[in-house]
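Asks: Top to bottom, those sequences are chains A and B.
Residue numbers for the first sequence follow this note's numbering, so the first one is 9 and each next one is one higher.
Residue numbers for the second sequence follow this note's numbering, so the first one is 9 and each next one is one higher.
Some hints could be false.
Since the list gives no way to pick out one identical chain from another, each pair is judged satisfied if it fits inside one copy or across any two copies.
Claimed, not checked - Below, a list of computed lysine to any residue pairs in the SDA-like style, where the Cα atoms sit at most 25 Å apart:
(1) K155 with V56
(2) K362 with T232
(3) K53 with S91
(4) K362 with S424
(5) K362 with P345
(6) K362 with G307
(7) K155 with T197
(8) K375 with Q28
(9) K243 with H277
(10) K243 with R220
(11) K155 with M346
(12) K155 with K243
Bear in mind the hints are in silico, worked out from the structure with no lab data behind them.
2 protein chains.
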Amino acid sequence: MALLGCGVVGTQVIRLMHEQAGDLAARIGAPLELAGVAVRRLGRKRDVEVGPELLTTDAEALVTRDDVDIVIEVIGGIEPARSLIVAALSGGKSVVTANKALLAEDGASLYEAARQGNGDLYFEASVAGAIPLLRPLRESLAGDHVKRVLGIVNGTTNYILDKMDTTGASFTDALEEAQTLGYAEADPTADVEGFDAAAKAAILAGLAYHSRVTAAEVHREGITEITATDVASAKDMGYVIKLLAICARSDDGRSFGVRVHPAMIPRSHPLAGVREAYNAVFVEAESAGQLMFYGKGAGGAPTASAVLGDLVAVARNRLAGTRGPDESTYADLAVHPMGETVTRCHVALDVADKPGVLARVAELFAKHDVSIQTVRQEGHGDDAQLVIVTHRATDAALSATMEGLRELDIVRAVASVMRVEGDD
Amino acid sequence: MALLGCGVVGTQVIRLMHEQAGDLAARIGAPLELAGVAVRRLGRKRDVEVGPELLTTDAEALVTRDDVDIVIEVIGGIEPARSLIVAALSGGKSVVTANKALLAEDGASLYEAARQGNGDLYFEASVAGAIPLLRPLRESLAGDHVKRVLGIVNGTTNYILDKMDTTGASFTDALEEAQTLGYAEADPTADVEGFDAAAKAAILAGLAYHSRVTAAEVHREGITEITATDVASAKDMGYVIKLLAICARSDDGRSFGVRVHPAMIPRSHPLAGVREAYNAVFVEAESAGQLMFYGKGAGGAPTASAVLGDLVAVARNRLAGTRGPDESTYADLAVHPMGETVTRCHVALDVADKPGVLARVAELFAKHDVSIQTVRQEGHGDDAQLVIVTHRATDAALSATMEGLRELDIVRAVASVMRVEGDD
């Protein structure tokens with residue numbers, strides 16, 4: 009086998025292959041041999057011992073070598089990863105990858121190459137790192153119907169939101185702390201704007217609904233606008249704010265929505281207790297009911313654990329002359345637009361405390377067919393705030409209502425709007 | 009395929025096969041056909057429609073029929089399940105079973121028959137019902153080393169302990185409520201004495217440590233002795249009492265322990281939040297770190313979901329002319345006796361509050377090489393109680409210490425002894 013990339017994950021893959029050579033051979037039924045490691049620069053100091061004769065900068069040559077039958081890709085990014093994986097698969101190799109961005113942008117090409125070459129494409133490490141999640145979705149739940157997936161799939165944003173929740177910190181301060189601790193990168197855009205979570209949401213939705221989904225189809229909102237006040241107000245009401253990746257089938261089962269946005273969930277929800285940089289994915293299936301998978305979503309060793317699990321499966325398949333699960337797109341459901349997504353909203357309005365205000369606000373909700381579950385008035389006089397939680401409605405109706413509220417003369421400001429999930 | 013048993017799980021399997029026939033065929037690549045259903049009595053009214061021509065009381069004949077290539081066993085118990093499964097496997101069929109008792113008593117015979125017949129033996133539903141757990145352990149973590157498994161694998165006892173914790177009820181009252189709600193059987197022995205959990209622990213340990221384990225090797229203690237006072241005292245200290253199935257490798261990695269007993273775990277532990285009849289299994293692996301799998305551990309539809317997932321896998325394997333994972337016993341580690349297990353203890357002693365008592369108690373702990381982490385004295389005079397939590401020590405040393413305490417003249421009674429897990 010060949011390894012593409014020798015960074016944080018790659019060095020851990022090599023270390024584990026050394027340390028567990030005996031175990032891996034016993035589990036596979038044959039020893040694993042590392043034929044080469046493609047790196048960007050040869051001379052660099054590495055945290056693991058690699059025979060210098062194994063290192064090469066010519067990844068293109070490595071992935072088509074005759075003595076390579078399995079390729080592990082841990083470079084990340086779209087190119088050159090895509091060309092290398094497609095070349096490997098087309099040449100009949102099997103591929104294990106952790107590359108969520110590529111799978112979410114162009115998984116179809118990879119699957120197509122795997123079919124042509126009659127090899128395997130495994131990618132457990134691409135979503136929620138070490139947590140065995142894709143294999144259960146792909147295989148264990150193959151006899152069930154997934155209704156909804158709610159996932160905390162980005163450790164950086166969970167760390168930030170958890171800090172805001174437990175210490176009352178602002179977004180900026182919590183981000184800074186995450187950066188100091190190495191949980192967030194210098195440029196945190198991919199995490200805090202939800203791009204990373206959106207790629208994972210696309211992969212999860214594809215597997216859950218047996219349909220093809222790309223990251224571009226995922227409705228995406230980040231967490232940069234969340235204030236300490238939002239967090240405190242959620243806390244007061246028994247909720248916690250999490251960045252969620254949500255895949256949900258429509259009630260008629262003919263389409264599904266995929267979205268990433270911050271949402272309030274009740275503190276009693278199993279996802280509410282997911283602290284720091286941990287990940288967890290909550291799955292609701294028709295027969296299995298509620299399931300949750302919890303663990304580390306990133307890091308060298310956890311990701312390498314998932315890669316090696318795939319490696320053992322792929323190697324066993326090759327020895328048995330068979331292939332693992334192919335792309336499953338038979339359902340071919342459509343992704344519906346965000347406006348058709350059914351959700352609930354928590355909204356805080358700065359209003360003047362005078363007779364008739366609530367009536368006019370309620371009238372506006374009714375006009376848009378949005379039914380109100382609870383209203384609470386806080387403060388008095390000019391400082392009054394109306395806190396409203398709606399029943400389920402389409403996101404389009406909720407958005408139209410918010411627009412209407414902003415135009416209402418009695419509403420001084422829409423102080424915060426947040427979707428509410430996980431308590432229906 | 010043939011179905012053995014048409015009770016709570018069997019009827020759900022049939023229902024799902026009907027309802028999802030199209031999906032299952034798409035996922036497998038060929039339609040599934042139900043060739044027969046073995047039942048005890050033909051005339052009985054069933055909650056699902058089954059063509060009367062499919063029903064038979066002759067299970068022996070059904071499992072060897074030429075038009076049957078997969079057998080689903082949901083009868084439970086040792087016989088006739090074992091003979092039927094062995095006959096099916098020896099005859100070249102693949103078998104999906106939910107039978108934890110049989111797997112934990114004589115899994116070796118089943119695997120042997122599967123090897124002879126070149127068929128599959130799948131049993132996801134046998135542990136933790138709908139939770140995809142065995143496939144992750146068998147496959148996703150195949151490149152990792154499992155250090156420890158802590159599981160809440162019996163919903164009945166978790167329901168009882170949760171009620172005791174939240175309402176302060178006695179064991180007897182909580183059990184009665186569980187029986188009224190159908191969570192506990194009229195004869196609750198298998199659940200409350202830990203037999204059910206012990207069978208699951210044996211299966212988990214075998215998969216985690218690639219060794220053969222039977223239920224007889226599992227150290228087992230039930231929850232019938234737990235009092236409302238124990239629960240309240242745990243609560244005071246920030247702990248909750250759960251019945252845990254624990255598989256743990258020894259520090260030198262040469263053996264492992266398997267045990268089922270009630271234990272105190274900190275309220276901050278992910279398992280502490282597992283409420284009512286839910287199950288959850290917490291896995292600590294060397295590279296993956298801490299993982300948790302959560303969901304429904306029992307019930308017709310959840311169990312059927314796990315059975316159907318296996319059914320799809322087994323059917324796909326047959327179409328591809330391959331087999332799934334075989335028994336993995338290459339590590340062949342020994343199960344060490346309970347005395348060698350390393351754990352911690354919480355103990356409450358009724359003592360007379362006079363000078364020198366603590367010194368004599370501490371001396372006894374020291375004599376057995378058990379180091380004390382915290383001591384707290386509650387009450388005064390004749391009502392004093394010493395509450396001691398130890399550091400890690402072997403169970404043998406802890407037991408010897410408890411024996412010694414019972415013989416100490418200054419100790420009026422050892423009010424409670426409970427192991428402490430999950431906070432090291």
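Asks: Taking the hints in turn, state whether each one holds.
Replies: Cross-check of the supplied hints:
| no. | hint | in the structure |
| --- | --- | --- |
| 1 | K155 with V56 | between (44 Å within a copy, 23 Å between copies) |
| 2 | K362 with T232 | neither (34 Å within a copy, 61 Å between copies) |
| 3 | K53 with S91 | neither (27 Å within a copy, 60 Å between copies) |
| 4 | K362 with S424 | within (21 Å within a copy, 61 Å between copies) |
| 5 | K362 with P345 | neither (39 Å within a copy, 74 Å between copies) |
| 6 | K362 with G307 | neither (55 Å within a copy, 54 Å between copies) |
| 7 | K155 with T197 | neither (30 Å within a copy, 36 Å between copies) |
| 8 | K375 with Q28 | neither (65 Å within a copy, 40 Å between copies) |
| 9 | K243 with H277 | both (14 Å within a copy, 21 Å between copies) |
| 10 | K243 with R220 | neither (38 Å within a copy, 49 Å between copies) |
| 11 | K155 with M346 | within (17 Å within a copy, 44 Å between copies) |
| 12 | K155 with K243 | neither (28 Å within a copy, 36 Å between copies) |
Hints 2, 3, 5, 6, 7, 8, 10, 12 from the list above are not met by this structure, while the remaining hints are.
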